[in-house]
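These protein sequence lines map, in sequence, to chains W and Z. Taking the UniProt record's numbering, I'd label the letters of the first sequence as residues 1 to 109. Taking the UniProt record's numbering, I'd label the letters of the second sequence as residues 1 to 109.
Think of the hints as simulated: they come from the structure by calculation, not from any bench. Fair warning: there could be bad hints in the mix.
What the hints assert, rightly or not - Under 7 Å between C-beta atoms, here's a sample of chain Z residues computed to sit facing chain W:
{"hint": "1", "residue": "I13"}
{"hint": "2", "residue": "A15"}
{"hint": "3", "residue": "A16"}
{"hint": "4", "residue": "I17"}
{"hint": "5", "residue": "I20"}
{"hint": "6", "residue": "I102"}
Think of the CB as a built atom: it goes at the ideal place given N, C-alpha and C, for glycine as much as any other residue.
These are the residues of each chain, in order.
Protein chains: 2
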Amino acid sequence: MNELSEQPCYSAIVAAIEVISGKWSYSVISQLCQGAQRFNQLHRSLAGISIKSLTDTLRHLEQRGIIARKVFPTVPVTVEYSLTESGMAYSEVLVRMREWGINWGVKSL
Amino acid sequence: MNELSEQPCYSAIVAAIEVISGKWSYSVISQLCQGAQRFNQLHRSLAGISIKSLTDTLRHLEQRGIIARKVFPTVPVTVEYSLTESGMAYSEVLVRMREWGINWGVKSL
Chain W
1 MNELSEQPCY
11 SAIVAAIEVI
21 SGKWSYSVIS
31 QLCQGAQRFN
41 QLHRSLAGIS
51 IKSLTDTLRH
61 LEQRGIIARK
71 VFPTVPVTVE
81 YSLTESGMAY
91 SEVLVRMREW
101 GINWGVKSL
Chain Z
1 MNELSEQPCY
11 SAIVAAIEVI
21 SGKWSYSVIS
31 QLCQGAQRFN
41 QLHRSLAGIS
51 IKSLTDTLRH
61 LEQRGIIARK
71 VFPTVPVTVE
81 YSLTESGMAY
91 SEVLVRMREW
101 GINWGVKSL
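Isolated chain W (complex conformation) (with noise of 0.2 Å):
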């Protein structure tokens, strides 16, 4: 059998989970896959998102370590959002979902 059955670890996989619990979570990530981007731009290229959600979306990611704000001292000040070190390898995990999604998930549903 494969190594999960020898340590549950299932903090760490609520952790996991729990980073893509929020409706927008996995576009955002996957938007920012792209390079990092300001709000208006992921506002624009998330079809459908208000600006409450994508807010709170991005304050779900920071929190969590997997998005990083940064500001720049510009009149008005601008933000920009990108995937942190943690982030990125969060992203292969969305990848490896997919993966097991298109070859397996979407048939069962």
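Assemble the complex: chain W is given as a structure, and chain Z must be docked to it using the hints.
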């Protein structure tokens, strides 16, 4: 950037997330990684799970093709649960999730 940004495949990711959405899904999959088990074995191994929760979780996982149910014509009938190929593939996703959680996740909670 990694391949995630090229193919959102949102439905594939949703299918993967959906599997693990039940509270006990991870624990049941983790148990079955150790080999096929009967209902009572699972119930004994999963401290705190009710008969209803175990029944619901097994049905949830069976409906999504993660586990298979084998009925033996004993008296009384014996039912054995095991991971399918899709289930084995999904446990690899869980291993990646746990790795991320151990390396990055648990600190950021």
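Results for each hint:
1. For I13(Z), the shortest C-beta to C-beta distance to chain W is roughly 5 Å, which falls under 7 Å, so the interface hint holds.
2. With a least beta-carbon distance of about 3 Å to chain W, the hint placing A15(Z) at the interface is held under the 7 Å criterion.
3. The interface hint given for A16(Z) is met, as the beta carbon of that residue sits about 4 Å from the closest beta carbon of chain W, less than 7 Å.
4. A cut of 7 Å between beta carbons decides the hint on I17(Z): the least distance to chain W is about 6 Å, and the hint holds.
5. Below 7 Å, beta-carbon pairs count as interface contacts, and I20(Z) has one with chain W at about 6 Å; its hint therefore holds.
6. About 5 Å separates the beta-carbon of I102(Z) from the nearest beta-carbon of chain W, less than 7 Å, and the hint is met.
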